[in-house]
Every structure is written in C-alpha cells, then in structure tokens.
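Peer 1: As a plain string of letters, each chain reads:
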Amino acid sequence: MRLVVILVAVAFVALLVLLPVIAVFTEALRKGFALYVASITEHDALSAVKLTLETAAISVAANLVFGIAASWAIAKFEFPGKSILISLIDLPFAVSPVISGLVFVLLFGAQGIFGRWLLDRNIQIVFAEPGVILATIFVTFPFIARELIPLMQEQGVEEEEAAVLLGASAWQTFRRVTLPNIRWALLYGVVLCNARAMGEFGAVSVVSGHIRGRTNTLPLHVEILYNEYNFSAAFAVASLLTLLAVVTLIVKTLLEWKTRRGHSTPVEDVYAD
Amino acid sequence: MPIEVRHVSRTFGEWTALRDVSLTVNQGELVTLLGPSGSGKTTLLRIIAGLEEPDPNPESLVAIGGADISRQKPDERRVGFVFQHYALFRHMSVFENIAFGLRVRPKKVRPLEKEIRRRVGELLELIQLGRWANQYPSQLSGGQRQRVALARALAIEPSVLLLDEPFGALDARVRQELRRWLRTLHARIPVTSVLVTHDQEEALEVADRIAIMNAGRIEQFSTPDEVFHHPASAFVVKFLGNVNLFHGRVEAGKAVIGGQAVDSSRALPSDGGAARVFVRPHELDIDIHRLPGAAVRARVLRIQSAGPMVRVELTPADDESVRAEDTINVDLTHERYRDLAMRVGDAVFVRVRDSRVFVEDYSI
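Sequences listed follow chains F and W, in order. To convert, note that position 7 of the first sequence is 116 in the numbering used here; the numbers rise steadily by one, no gaps. To convert, note that position 32 of the second sequence is 1232 in the numbering used here; the numbers rise steadily by one, no gaps.
Please keep in mind that the hints were generated in silico from the structure rather than gathered at the bench. Treat the hints with care, since some could be wrong.
[As the list claims (entries may be wrong)] Using 35 angstroms as the maximum straight-line C-alpha spacing, the simulated DSBU-like pairs for lysine-lysine come out as follows:
hint, chain 1, residue 1, chain 2, residue 2
1, W, LYS1454, W, LYS1438
2, F, LYS185, W, LYS1454
3, W, LYS1314, W, LYS1273
4, W, LYS1308, W, LYS1273
5, F, LYS191, F, LYS361
6, F, LYS361, F, LYS159
7, W, LYS1273, F, LYS361
8, F, LYS159, F, LYS367
9, F, LYS367, F, LYS140
10, W, LYS1273, W, LYS1307
11, F, LYS191, W, LYS1314
12, F, LYS185, F, LYS361
13, F, LYS185, W, LYS1308
14, W, LYS1454, F, LYS367
15, F, LYS191, F, LYS367
It should be emphasised that the depicted structure is a prediction, and the values quoted were computed from it without experimental measurement.
All chains should be modelled from the sequences, with the hints used to inform the complete structure.
Peer 2: Below, the structure is given as structure tokens:
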C-alpha cells in the first residue's frame, strides 16, 4: 500500500512538474546553444528582463513597507476597521488577476476616471511602465503581510513592551527586537512576493499594452514569441523564468527550515492563563 | 523612589478596570497588589509603567519620586518591569538581554563597552547565572529566565521595580525559592517595588504592605499581619485563604450563631441585624458533648490526618439554620484529634474560638 501511494505521488510529480521543466530546457536548446544565447541576449529580450527586474524590485520594496506596516498594525494594536483591513489584504488572492488589471485600466486609462486629469498633465500610467508596476504591486501585496501577521500575533507585544520600558525608542525597538524576531518569515515572504512579481501574467497583460522593447515583461515576451511560432526563442526566455522558479524553490526550502528552527519555542513558554 | 497614584480610573469600553484608585508606596517599600483576575491589579501596574493610560481626569495623578509622570512615555520613565512570561528577547543571549537597556541609551549617556561588561557581569553574579551569559533564553529553565528578566530590569538602575505576576508561570517549588530570593535581593537593593499577584500566600510572605483589590477598588491596604488578623471587609477574609461562613445575628454587641454568642476580634454595633461570621478552619474546635459556646451540631464527613494539621470536614445537622456553605472545615492539632477520638459519621459540636463578623449592609 505504502509503495502504491508513493508511486502515484512520484508519477504525478514527474508527469506534471518534472517533465515540463525538462521540456522547457530541451526545447530551448534544440537549435543549439548559440541560438539559445542569442535569444536571451537579443534587444527585446534584454529589455523584458530589465523591466521584469525593475518591476519586481519596486513591487517587493513597496510591499515590504506595506507588509511590515500592515502586520505590525494588525498584530500589535487594536483599532476600528481591523477586520476589514485583514479581509482587504486577501483581496488580490480572491480576485482574478485579469480583473485587477482591468480595474487599473478603468481608473487610469484614457477613458478612465482619472484619465482626463492624467492626460492633461501628460502622465501615462496604463500601457506604460507605471501601470505594469502598479498592477504587480496589487497582485503581490498579500504575500509578505500574510507571512508576518500570524507570526507577529503569536509573538505578542511583550518583548516590545519590555524594550520600550528599558528605554528603547520606537525605531530601536523595531530594529533590535521586532525585526530580528520576524526576519526569516519576512525573507520567506519576500521570496514568494518576488517570484510572483516576476512571473505575473494576467494583470500585467491587461495594463501593459504589449509594446515590444518597452512594456513587455518576461512572461509577456514569452507569449509574443510563442504566438509568432518562434518556439526556440520562446522556450529560451521561458527557461529564464524556470530557473528563477528553481532558485525560489531552493531558497524557500532553506527558509522554511530556518523559520521552523527559529520559531520553535520550548514547551514551558506556552501557558494557559 | 516613592510612588504616588491618585484618583486613577480606567475603563475599557463597557468594562471598568479601575475605579478611582489611590495608592502611595513609600521609598524602598515592597508592596503587593493582591486580587482575583479582573480586579484591576495588572491595569494599575501597567498605568504606573506607562503601558496603559488612565482615563482623563484633572484630579488623577501618577507620580514617581514626587514628580508627576503622567505625561511621560514609558521609555522615559525608567521603571524596571518584570513580566509573567519573562518577555526575554529570544534572539539575544543572556548577556545581551541584560545589556539591552544600557545599549539603547543615546550616545551621550551610554556607558562605554567596558563599563557595560562590568555592570552586566555584576548582575550575572547577583542572579548566579555567570556561567550562562552566552546561552539563549530558550536554553534556560523558567526560574532562570525570570532571574534574567529581573537582572535586565535592574540594569537600568530603575527608579521603581514593577513585577507582574513574576512567579505565576513557575511550579510551586521554584516559586517559593524565588520568593525568598526576591526578599533577600530587596533587602540588598532596596528599590521601591510593586508586585502583582493573585496568590495570597505569596503576597503575605513577600510584602511589606498588601493592597487587596476587588472589582477595580482597593479594599484594604495594610501590613500582612493587619490584613490577615483585622480584615476590613468580607471580601478580604474570603480572599486570604480558607474560611467558613456562618449566618447569624448581632445581639447586644455580640454575634450569635445557633443561639450561642461567639467571640469576635472586633467591636460590633449593639443593635440586632443579620451578620456574616467568618471563621478560619484553625479557629474552630470540635467537642463530643455540648459545651458552653458550642454553636453548631454537625456530623463528621471526612478526616484527613496526613499533614501538619488534621483537617476535618463536617456537614451541619439539617435543623441548623446557620449553615451557609455545604461543609464546615476544621483544622485540629494532631494532639487534639487524638484526645477527641472521633470517627467519620459521629455527631459532634463545633465551637467558634475566634471569628470576624460583618454586619450585612442593607443600605444599598
């Protein structure tokens, strides 16, 4: 019985995960290594890489600030509307990314609510880089907050209170007490957030406008190449994203191991009061 | 430094945690706030520390060393605070935990590294954990952790020391050890201290004075001896350990239960009225035959003779109107128990040797 269950699981993983990954790399290298290198160093590909990295960097930075602030507020303070805030943080998980993208078009597009105002000031958001970044931030903002809230709630506020009573300022308390206590979970959230930011397709697809060399991220670039029957190039660029996934997976596993260790508190620490 | 709290109230929405509380703690004194959970004792402590704010009231005052600190933030008050669950910084070694309060000082007033090492070293000696300096909190026992927490609080040379159920999370043996140790420590470093507890034994053993709290008020604030022997209210009697309650009347300045006047340690109004008579188990005696002063007929329910005293549980006879609770507890010396030679099921008489009487207040 045990053997059967294990075999079924392994077969599924092999068929649905391993095989596609191998296929990506074999397809990418089918026409030789030179073409592979050429496909990923060609101008449009490089600009897609650049935009993807920029978008991910800005989204992660923005969500780092938002995630820490939101989980700090939720875990350590009581305020009206707290449960609404918690629900809103989950919103991007509940909404289809395409709809999230569409909302930005409706808000900032030429026919949108702020369209006229932006047009008058010559600011372009939709079908430009700001739109891509905004959509990505929206789609990825639960990742860090969701990681931190349960951990910070579990840790409570006593260590912070102790720090403050010992004379620490708010910043010192955060730097020396709160941050070290959440660092592994925070990094874990950043890794997940980053992976999603780089891989996001739906929302970005709606707001980007698919302008080659300007508003294409890596996933969008893959799609364009594929639709042009340029399979080798499509798979070559896709292999970059696959590599990112593999790296993410390794870092994630390491962090999970780390969090579990840093997390484990001795049994005597838990008391019913 | 002395602590003064005047006219402090605190409400949380519908719930009133403190009702117009005033309290003065003298220089170098160790005061315990004793009360059941929800009595407001922890709220009062947190208000002194600045972790909670009192309800706004022009008359309310929180002062340490004569200076009003109501407007000071907790990080400016320089109070030492010890939490029930230690609240040690889990990612710092014992040494760094104790050094924390010195390290976070602004550059101008921060001691030099050498001085910090010396001070922490002294405190580690004081709590006898010198060898554990580089360990992490998770590697220590509960008692050791609480000693580290205390050293951490003392490192900033606090004006006052506030302890919130510091031994509440420890097992009985360690708790007793730490209590004694705290008493010795306080004799050596006589910093004004307030300790919150719900354990009456702890309060009686440790405190110079006890403030007994109930429903957001201080019922009595006095020495352990005074609160135990001259309790100010029925609540105080009940809270300070096992007690039997009898219903009686006041006649000619004496409390009467079951037709017998009983001795009580305090003067009563001369007119009649319902009275509640509180008698501790060791203040009752048992007689086989009816003697003068024997108040209640009862039957022996259980005898437990393993211990320093023999504990006898009795049920009052059915026709006795005095019964307030299901059983009467009597503590006898082993000698007295041998003399009586009684057995479970015997009918006996219970005599009150001393009591505390409270006349029922119908004015509400």
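Peer 1: Work down the list of hints and note, for each, if the structure agrees.
Peer 2: Structure-based check of all given hints:
Between W:LYS1454 and W:LYS1438 the alpha-carbon distance is near 21 angstroms, which keeps this suggested pair within the 35 angstroms criterion. A threshold of 35 angstroms between alpha carbons decides the hint, and for F:LYS185 with W:LYS1454 the separation of about 57 angstroms lies outside it, so the pair is violated. Note on W:LYS1314 and W:LYS1273: the hinted pairing holds, with a Cα-Cα distance of about 30 angstroms set against a maximum of 35 angstroms. For the hint linking W:LYS1308 to W:LYS1273, the alpha-carbon distance of about 20 angstroms falls within 35 angstroms, and the restraint holds.
For the proposed pair F:LYS191 and F:LYS361, the alpha carbon gap of about 30 angstroms is at most 35 angstroms, so the pair holds. Taken as a hint, the F:LYS361 and F:LYS159 pair is honoured in the structure, with Cα atoms around 24 angstroms apart against an allowance of 35 angstroms. Distance restraint check for W:LYS1273 and F:LYS361: the Cα-Cα separation of roughly 41 angstroms exceeds the 35 angstroms cut-off, and the hinted pair is therefore not satisfied. For the suggested pair F:LYS159 and F:LYS367, the alpha carbons sit about 31 angstroms apart, so the restraint of at most 35 angstroms is met.
Note on F:LYS367 and F:LYS140: the hinted pairing is violated, with a Cα-Cα distance of about 42 angstroms set against a maximum of 35 angstroms. A C-alpha spacing of about 20 angstroms is found between W:LYS1273 and W:LYS1307, which places the hinted pair at or below 35 angstroms, so the restraint holds. Using a Cα cut-off of 35 angstroms, the hinted pair F:LYS191 and W:LYS1314 is violated, with the two alpha carbons roughly 47 angstroms apart. Among the hinted pairs, F:LYS185 with F:LYS361 is consistent with the structure: their alpha-carbon atoms are about 27 angstroms apart, no more than 35 angstroms.
Under the criterion of a C-alpha separation no larger than 35 angstroms, the hint pairing F:LYS185 with W:LYS1308 is consistent with the structure, at around 31 angstroms. For the proposed pair W:LYS1454 and F:LYS367, the alpha carbon gap of about 72 angstroms is over 35 angstroms, so the pair is violated. For the proposed pair F:LYS191 and F:LYS367, the alpha carbon gap of about 30 angstroms is at most 35 angstroms, so the pair holds.
Of the numbered hints stated above, those contradicted by the structure are hints 2, 7, 9, 11, 14, listed in ascending order.
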